[in-house]
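Residue numbers (full-length UniProt numbering), protein chains in the order written: chain H, 1 to 138; chain U, 1 to 138; chain B, 1 to 138; chain R, 1 to 138.
Don't take each hint at face value.
Below, a list of computed lysine-lysine pairs in the DSBU-like style, where the Cα atoms sit at most 35 Å apart [unchecked claim]:
id: 1; chain 1: H; residue 1: K42; chain 2: R; residue 2: K29
id: 2; chain 1: R; residue 1: K118; chain 2: B; residue 2: K42
id: 3; chain 1: B; residue 1: K104; chain 2: R; residue 2: K29
id: 4; chain 1: B; residue 1: K29; chain 2: H; residue 2: K29
id: 5; chain 1: B; residue 1: K29; chain 2: B; residue 2: K104
id: 6; chain 1: B; residue 1: K104; chain 2: R; residue 2: K104
id: 7; chain 1: U; residue 1: K104; chain 2: H; residue 2: K104
id: 8; chain 1: U; residue 1: K42; chain 2: U; residue 2: K118
id: 9; chain 1: R; residue 1: K104; chain 2: H; residue 2: K29
id: 10; chain 1: U; residue 1: K118; chain 2: B; residue 2: K104
No lab work stands behind these hints, which were simulated from the structure alone. All of these numbers come straight from a predicted model, not from anything done at the bench.
4 protein chains.
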Amino acid sequence: MSALTNDQIEELITQSLEARNFSYSPYSKFRVGAALRTVDGKIYQGCNVENASYGGAICAERTAFVKAVSEGHLRFLAIAVSCDFNQYISPCGICRQFMNEFGKNLEIFFVNADRTYKRAVLADLLPYAFGPEDMPSK
Amino acid sequence: MSALTNDQIEELITQSLEARNFSYSPYSKFRVGAALRTVDGKIYQGCNVENASYGGAICAERTAFVKAVSEGHLRFLAIAVSCDFNQYISPCGICRQFMNEFGKNLEIFFVNADRTYKRAVLADLLPYAFGPEDMPSK
Amino acid sequence: MSALTNDQIEELITQSLEARNFSYSPYSKFRVGAALRTVDGKIYQGCNVENASYGGAICAERTAFVKAVSEGHLRFLAIAVSCDFNQYISPCGICRQFMNEFGKNLEIFFVNADRTYKRAVLADLLPYAFGPEDMPSK
Amino acid sequence: MSALTNDQIEELITQSLEARNFSYSPYSKFRVGAALRTVDGKIYQGCNVENASYGGAICAERTAFVKAVSEGHLRFLAIAVSCDFNQYISPCGICRQFMNEFGKNLEIFFVNADRTYKRAVLADLLPYAFGPEDMPSK
Ligand SMILES: [Zn+2]
Ligand SMILES: [Zn+2]
Ligand SMILES: [Zn+2]
Ligand SMILES: [Zn+2]
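Whole structure, please, built from the sequences with the hints as guidance.
Written out as structure tokens, the structure is:
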């Protein structure tokens, strides 16, 4: 069902778990890691970066996305997200909105700390999305 | 199916359309209005407020929510959202995330400029939401 | 030096302290209140409203601003900000950016829980601001 | 006056101008680039990444910061910011707030498209900053 092989999924999981290590989260103490795979097979890691003004926080998923975009990538296959617990962490609505800009077919893996996971597709996590096609100015 | 009567829905629609008038949207020129009904029947209107730094923008829905919260309301029944076009405008992911903090059963009306509408429930617009129950610090 | 009389300053302080009561801040447990005075003498109160996704948080100052804008106000004289401590709380950079959209001469009162305060002007808190005049699209 | 040599400043300027090329800014059509130098001499490039929901936009400066943080860097010397015009573009308040988390002595270069520039220090761009030391929970 996934466009990724099992080995590619396992690699993405490994990299999302590793990405937690650089999390800057002194306020929530909730470390999150993400790993984003581009259509051409490159992987970008991201972690959450918080701020004393809570609204300034940037999630792990968006960190991975801006890294990739700033190096010339605009098309993505899949992202894995993990934290330090077994709770199938899913992207927040802010990140879903951010991801939606780059395509609705993105596969998303909610990864437990023990590597078990659930799989979803962005279109199902943000139905009736408000996207680029809704903005007359584009 | 809705917890609101037809008259209450029509009133919410009227107020969301009226709320567009105070939209501050010089950058997108995309006026949005929202009207939020609390469980005890009070209605708060909101519009989008943009900023030269685009990331500073606050949507109409969140404007309505913070108005209500800052006056002591934490439980809501429904929100209507409208713009200047017939495009069934739906809340962005940022707003869905913001709303989710206050309950998953919120009814959401996507309102066209001609008053026709679609109805949805927040739980269906943000499945597998990352919410208060996911934060260990709470 | 202030455009406000002492009585007007005291009233703004009182309302900013009162506004803390509706703060929704289960994550930081840091209650903030704000009171914003329009040029025509109306006062809007705001509190911080947080979210499980920390980046979704909206500060007390921005709450007060969107309330006022959504009711037709675009010109402001002064804002007072307070928390539960004696620490001369000042607006975060996000809020300074948001305020800057509506004029650089805004007076800002950093209010202690014991009502003592410092006064500043937005232009001094956000020098070389990036504002509407910097955006070619406006 | 700068902790950087003239050659290092010129390199940072070059990289900030180059970083504009991957800007994703279909809404503002305002391309911004940034280059951030860590204390140990590594440079991270960032561009602005916008969203159909304007509030989802992430500026070039924050892109550069989260890239660096997600690769283990927490201490920085300087950042250069540029756009396509000669207007001494300065970081918005959101970015100043984000930067402040990592130290007040950061040098900031406002770079014109023709490579001329102004220099500032973060402490002067965000006086009375609300920072980590103001949050009791840290
Ligand atoms: Zn997120
Ligand atoms: Zn929204
Ligand atoms: Zn703030
Ligand atoms: Zn910025």
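Restraint check for K118(U) with K104(B), where alpha carbons must lie at most 35 Å apart = violated (42 Å)
Keeping to a limit of 35 Å between CA atoms, is the pair of K118(R) and K42(B) held or broken?
-> Judged against 35 Å, a Cα distance of about 40 Å means the pair is violated.
K104(B) paired with K29(R) [C-alpha distance capped at 35 Å] | holds (26 Å)
Holds or violated: K42(U) with K118(U), Cα cutoff 35 Å?
-> holds (22 Å)
Distance restraint between K29(B) and K104(B), which requires alpha-carbon spacing of 35 Å or less = Holds, because 31 Å separates the two Cα atoms, which is no more than 35 Å.
Within 35 Å, alpha carbon to alpha carbon, are K104(U) and K104(H)?
-> holds (23 Å)
Is K104(R) within 35 Å of K29(H), Cα to Cα?
-> holds (23 Å)
Mind checking the alpha carbons of K42(H) and K29(R) for me, to see if they're no more than 35 Å apart?
-> holds (27 Å)
Under the criterion that the straight-line Cα-Cα distance not exceed 35 Å, is the pair K29(B), K29(H) satisfied?
-> Holds - the C-alpha atoms of K29(H) and K29(B) are around 15 Å apart, at most 35 Å.
Holds or violated: are the alpha carbons of K104(B) and K104(R) at most 35 Å from each other?
-> Within the cut-off at roughly 23 Å; holds.
Hint compliance for this structure: hints 2 and 10 are not met, and every other hint is.
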